[in-house]
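> Chain by chain, the residues:
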Amino acid sequence: MADEQVFDADFLQRLRTLFFKLRRRRLLKQKGVQQTKAVGFTREFKDYRHYTRSDDFRAIDWRLFARIEKLFVKLYEEVQEYHIHILIDRSVSMVEPFPRKRIATLRLAVALAYLGLMNQHRVSMLSFSDQVRQEVPPLKGQGHIHRVLQHLTNMPFEGVTDLGALRGFRPKRDRRGIVFILSDLLGREPEESAAALEIATSWPAETHVVHVLEPEEIRPQIDGEVRLIDVETQEQRQLTLTKRDMERYQAAVESFLEQLGQSCMRRRVDYVTWRTDLAFEKMFLELLSRGSALSQS
Amino acid sequence: MHFQFPGQLAWAWLLVPVILLFLVRRRPKRIKVSTLTFFKSLAHVYRESPWLRRLKRIIALLIAAATVAFGTGALAQLVVAPEAGDLKSVLVVIDGSASMGALDEDGASRMDEAKERIRDRLSGLPSGVGVMLMRYDGRPEILVPHSFDRRGLLRELDRVGVRPVEGDAETALHLAARLAALHAPAAIWHVTDAPLPRADGPAKGAKDAKDAKDAKSGEAIDDEPAALEDRLGLPDGVTLETVDVALPAPTNVGITGFQIRPRPLEHGRLDAFVQVHARGPKTVEAKLEVRMDQKLVSLRDLTIAPGGYERLLIPVEGRHGAVLEIEVRADGDILAVDNLVQARIPEARAVRLLWVRDEAHVDPYTQLALVALVEDGVLEAYNATPATFAANKEVFDVILFDGWLPKEWPEDVPAIVMKPPHSLGPVRTAPIEGEGLPVDALRAVDERHPVLYGVASDRVAVTQTAVLETRGSLTPLWTGDVGPLLVAGEVKGQKLVIMAFAADRSERLGLMASYPLLLGNAIFWLARADEEARQGNNLRTGRLVDAAGAELVWEGPTGVTLARRTLGGEGTVTELDRLGLWRIGDVAGSSSLLSKGETLLGAGGSDAAATTAADAGGIFSGDLRPLLLWLVLLLLLIEAWLFHRHAVY
Chain A
40 MADEQVFDAD
50 FLQRLRTLFF
60 KLRRRRLLKQ
70 KGVQQTKAVG
80 FTREFKDYRH
90 YTRSDDFRAI
100 DWRLFARIEK
110 LFVKLYEEVQ
120 EYHIHILIDR
130 SVSMVEPFPR
140 KRIATLRLAV
150 ALAYLGLMNQ
160 HRVSMLSFSD
170 QVRQEVPPLK
180 GQGHIHRVLQ
190 HLTNMPFEGV
200 TDLGALRGFR
210 PKRDRRGIVF
220 ILSDLLGREP
230 EESAAALEIA
240 TSWPAETHVV
250 HVLEPEEIRP
260 QIDGEVRLID
270 VETQEQRQLT
280 LTKRDMERYQ
290 AAVESFLEQL
300 GQSCMRRRVD
310 YVTWRTDLAF
320 EKMFLELLSR
330 GSALSQS
Chain B
788 MHFQFPGQLA
798 WAWLLVPVIL
808 LFLVRRRPKR
818 IKVSTLTFFK
828 SLAHVYRESP
838 WLRRLKRIIA
848 LLIAAATVAF
858 GTGALAQLVV
868 APEAGDLKSV
878 LVVIDGSASM
888 GALDEDGASR
898 MDEAKERIRD
908 RLSGLPSGVG
918 VMLMRYDGRP
928 EILVPHSFDR
938 RGLLRELDRV
948 GVRPVEGDAE
958 TALHLAARLA
968 ALHAPAAIWH
978 VTDAPLPRAD
988 GPAKGAKDAK
998 DAKDAKSGEA
1008 IDDEPAALED
1018 RLGLPDGVTL
1028 ETVDVALPAP
1038 TNVGITGFQI
1048 RPRPLEHGRL
1058 DAFVQVHARG
1068 PKTVEAKLEV
1078 RMDQKLVSLR
1088 DLTIAPGGYE
1098 RLLIPVEGRH
1108 GAVLEIEVRA
1118 DGDILAVDNL
1128 VQARIPEARA
1138 VRLLWVRDEA
1148 HVDPYTQLAL
1158 VALVEDGVLE
1168 AYNATPATFA
1178 ANKEVFDVIL
1188 FDGWLPKEWP
1198 EDVPAIVMKP
1208 PHSLGPVRTA
1218 PIEGEGLPVD
1228 ALRAVDERHP
1238 VLYGVASDRV
1248 AVTQTAVLET
1258 RGSLTPLWTG
1268 DVGPLLVAGE
1278 VKGQKLVIMA
1288 FAADRSERLG
1298 LMASYPLLLG
1308 NAIFWLARAD
1318 EEARQGNNLR
1328 TGRLVDAAGA
1338 ELVWEGPTGV
1348 TLARRTLGGE
1358 GTVTELDRLG
1368 LWRIGDVAGS
1378 SSLLSKGETL
1388 LGAGGSDAAA
1398 TTAADAGGIF
1408 SGDLRPLLLW
1418 LVLLLLLIEA
1428 WLFHRHAVY
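If you're matching them up, the sequences are chains A and B in order.
The working numbering applies: residue 40 is where the first sequence begins, and numbers increase by one.
The working numbering applies: residue 788 is where the second sequence begins, and numbers increase by one.
Only chain A is shown next, with the shape it has when bound in the complex (with noise of 0.2 angstroms):
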């Protein structure tokens, strides 16, 4: 697939476009680039205090006593970084029959890291289908974009969904972390994508469960007789179908989504449906709108 279709300047004008939406809702609502209310050890000010007796004495503003006569300590501003997983399904469900899973999975996936990556954070790039493999080592700093988009460009979707790949996936303790999963989560089975959603409660770090669909996956469009293919397998399936199956399909489907929502939510991992058939940017904004710690870092 050729880089202009899913990494075009088009679309990365509309990235940056929309980072700097971002950045402006973010200085307009606070002041510094660090948004938590946690104070640390680095030279950026951040407020005053009164001294109390567990407080080193060397943090006391002897400046401000001398014209007031009263002990304050100085508060600096503690800088936060976050490890951003973003893993990406690479079955062939992902690209087959509809393409615009594929692009739609790349373009959120770059999207995210561009985001990490602006507000230093480190940002992995992994990628699984019967197992999870390591796509980009962790970055950090902005300038990587270029590495990120280059490597999911050429990044190959092969394989089945086997979520339980999941399992496979342990990130690290040492920093906090926040992890996406972009996949279709179109399993052998539907109860296997709920359960192996358990996984991500063990993960200490934020989870977001981004389910890309295309339209058509609940809602086909068939009728008569047909062979249908499953891409990942590539078993057959010759029926005969009819108005009344394909509801019947519909309502399956949508019962497959409200079971995941519902198990997601039981187990407070972010859960949201990703249609490819939406505008990218409104999708986005309503991925971070929903209390991710990447938005308001």
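One or more of the hints may lead you astray.
What the hints assert, rightly or not - If you want a taste of the chain B side facing chain A, the calculated C-beta under 10 angstroms gives, among others: (1) Ile818; (2) Ser828; (3) Arg841; (4) Phe1430.
If you're looking for bench data, these hints aren't it; they were derived computationally from the structure.
Backbone N, C-alpha and C define an ideal beta-carbon position, used for all residues, glycine too.
Chain B: place on chain A using the hints.
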């Protein structure tokens, strides 16, 4: 089996795409999907194995092919009618005689059965075959000429009824053969309870169904080859098929003969002659009731063997005009119209004869013969001379002109002319001069004529006094060397017997018994119409009676009027088609069936069963269009159920 519209068979080409679609089948559309997970959940109910799919494809092919085939057959109007062959027309001849009114155990008449059989057979007849309908009893009647309107024929068929008249199948079939020959190749379906015998046995030459039914009843039939077609003179291309609707073992008893006649040597006294026939599987026990003016006067028990008869002579004691009823009853009798005879008691009187002759030349032999008849009480003879004849105002049954003729010929009375002196009216003669011409060897032209009954013509020698000229329907009975000398017949409705010889001058005639016989035969033959009136006009049904300008009234025994028929422009005669008492003006009489042929009902045997089996034919005979259309509908339903029952939204 053939098709009414073979051109419609072109629709069978639709089988080609059906077969091509089967051979070069359209593969199902291949669609790639992200996962089969949700489709599997749908398909678990009707997931098909490959062999089941192949079987269903074959079934679908067969259903489609059968649908096309049946539809094509329906459009082409497939007809399976083995009996139809290459027929162009069918003439249905239905027996409407009295015996067709015989009822079976369910109360259905033979006519009902006949109509049902005809409907069944017609339903199996291709619509392109023309149909005709004829009914007959005493006379044939064409109800539907050649037509393709089956419904019209069925409507006419529904209107066909039974009349209490003796049937004449042979006459009807003769006419039917001629009618069918106009539309040959044709078949005649003779639907009757009394099939004509196929063998040329004793029934050969029979003129009515009576003899035919005798043969049917097994009384007389031999094993000679079938000759029915020859007897009927069936033309080429015309076949006769008999549909026997007779009951297998009918029981019937009926009056087959009836006459009221003077009791010999007892002037003014009457006897009723009654003949009763019976048909049944065993001996029939019957009761005969005689009623006079509805009062029982006599009761007889009769035991009659199957096919046998009983003859009775019952004295009749009743006033002139009283109603005599004779009724016969038996258990299990299935035909009622032959059980009752009604008659009015006639006035007892002899034949009235006026003998007109010159007193100077009285023929003693003629006088002797008349005296003998008068003494028997059967004749009243009155004498007249040429001088007194003109003044005579009385009404006589017969006038005998002996050697004399009036100036004006009387046209309203039957007459015997002996030794005509000259021609007058219908009498055309050339007198022979002198003593006449002796004729030793007579030639009897028609020995079976009633006038010559019992007369030894070959032993008679006469002296011919004139040569007669035969005119109109006058028939020469005796012929001499120079021409006819005895003629009889009818001219302008007047019956005549002309004798051109002299008994007193004949060598061997006057003293022979042949002369009184000849004279008596002539008198009573001329007076026969009046004879019937003297006996009460007890006629058989189907007889024509003269009713010019009058009204035919049917009456009950008490004199109540049952029906009227006014003859307008229909002619001067009418048919007696009812049983009972009738009256036309001053003339009264009665009509009865009196038919041995109708009373001795035919018994349907194996022939009937075979005909029934052939008639049945099953649902796969006849016009198969409705059946094929139903099959097409059934196939479509089966196809919808097999392959589309889950697609009903």
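> Can you verify the interface hint for B/Phe1430: is its Cβ closer than 10 angstroms to any Cβ in chain A?
holds, 8 angstroms
> Report holds or violated for the interface hint on B/Ser828, using the least CB-CB distance to chain A and a cut-off of 10 angstroms.
Holds. Min distance 6 angstroms.
> Hey, does the B/Arg841 contact hint survive, CB to chain A under 10 angstroms?
violated, 12 angstroms
> Let's test the interface hint: is any C-beta of chain A closer than 10 angstroms to that of B/Ile818?
With a closest approach of 5 angstroms, the B/Ile818 hint holds.
In this structure, only the earlier hint numbered 3 is contradicted, and the remaining ones agree with it.
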